[in-house]
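Take these sequences, add in the hints, and give me the full structure.
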Amino acid sequence: MNLKGKVVIITGASSGIGAETAKLFSSHGALVTAVGRDEVRLTQVADICEAFHGNRPLCVRVDLTEDGGCEEVVKKTVETYKKIDVLVNCAGKTIVSSLFENSMETFDDLVSLNLRVPYKLCQLCVPYLKLTKGNVVNVFGNKGVHRPGFLLSAILTSALQSFTVSGARDLSCEGIRMNAVRPGVTRTHYLANFNVDEDLMDLTYNEIAKAQPQVINEPEDVAKMILFLAGYEHPNLTGNNLCLDGGATSC
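So for the sequence shown, the numbering used here puts the first residue at 68; every next one is plus one.
Simulated from the structure, these hints should not be mistaken for laboratory data. As the structure is a computational prediction, the values presented were derived from the model and not from experiment. No false leads were mixed into what you were given.
Calculated lysine-lysine pairs in the DSS-like style (CA-CA distance at most 30 Å, straight line):
1) K150 x K291
2) K200 x K150
3) K71 x K200
4) K71 x K142
5) K149 x K71
6) K187 x K149
7) K150 x K197
8) K197 x K291
9) K197 x K187
10) K160 x K142
11) K71 x K187
12) K150 x K71
13) K71 x K197
14) K291 x K142
15) K71 x K291
16) K71 x K143
17) K197 x K142
18) K143 x K200
19) K291 x K187
20) K291 x K200
21) K149 x K197
22) K143 x K197
23) K160 x K187
24) K291 x K149
25) K200 x K142
26) K200 x K149
27) K187 x K200
28) K150 x K160
29) K142 x K187
30) K160 x K143
31) K291 x K160
32) K187 x K150
33) K291 x K143
34) K187 x K143
Structure below.
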């Protein structure tokens, strides 16, 4: 796959899957816009890309849920690189709570980041993706699929699945592809959102690995699948929701 010189926007690039995706694309010669809210971590990712791969990503520290956030990302990318080839929607979050516990504020927050942001970024990038015959990769998990306590995640997962399939059909007439990667349990700092310390996180992932070793992903594993979908330029590779969960979703 020849990604040298391709311009790639990656959201959620300050940690976890997004950070590893930025590093991997940089190693293949892509020109990356790394988007996130943590400026320190974004800088660390950019430093690694520059040190090991010779090209420093454009870092955009922004809250994508705020007015003008998505527009800022696209504007700075086009000003710097003059085009857009790939959009990777990797930013997102989830919570553990039931229908009886969720407030409408929580509902709105999750919908804004997990659904509205990728939809809006896609809209903003389409005029540029039409020119490059580029593509979009959405990244969201299988959390909430028939599991108690993950109602909002289940709702958003279904919405993003439909967005990917229907979006691919809408965009195919313009030569733009859209696919999704759906990782299962991945060894990231996700549990830190629930105030779980490093030692307990390691213990949790190790116990999961013992029970079902095929299900645990490393962030690098997911990044490789994102790279494949973005870089394999076959017009029929579109509208796919590819799971990396060891068959957990089908159980």
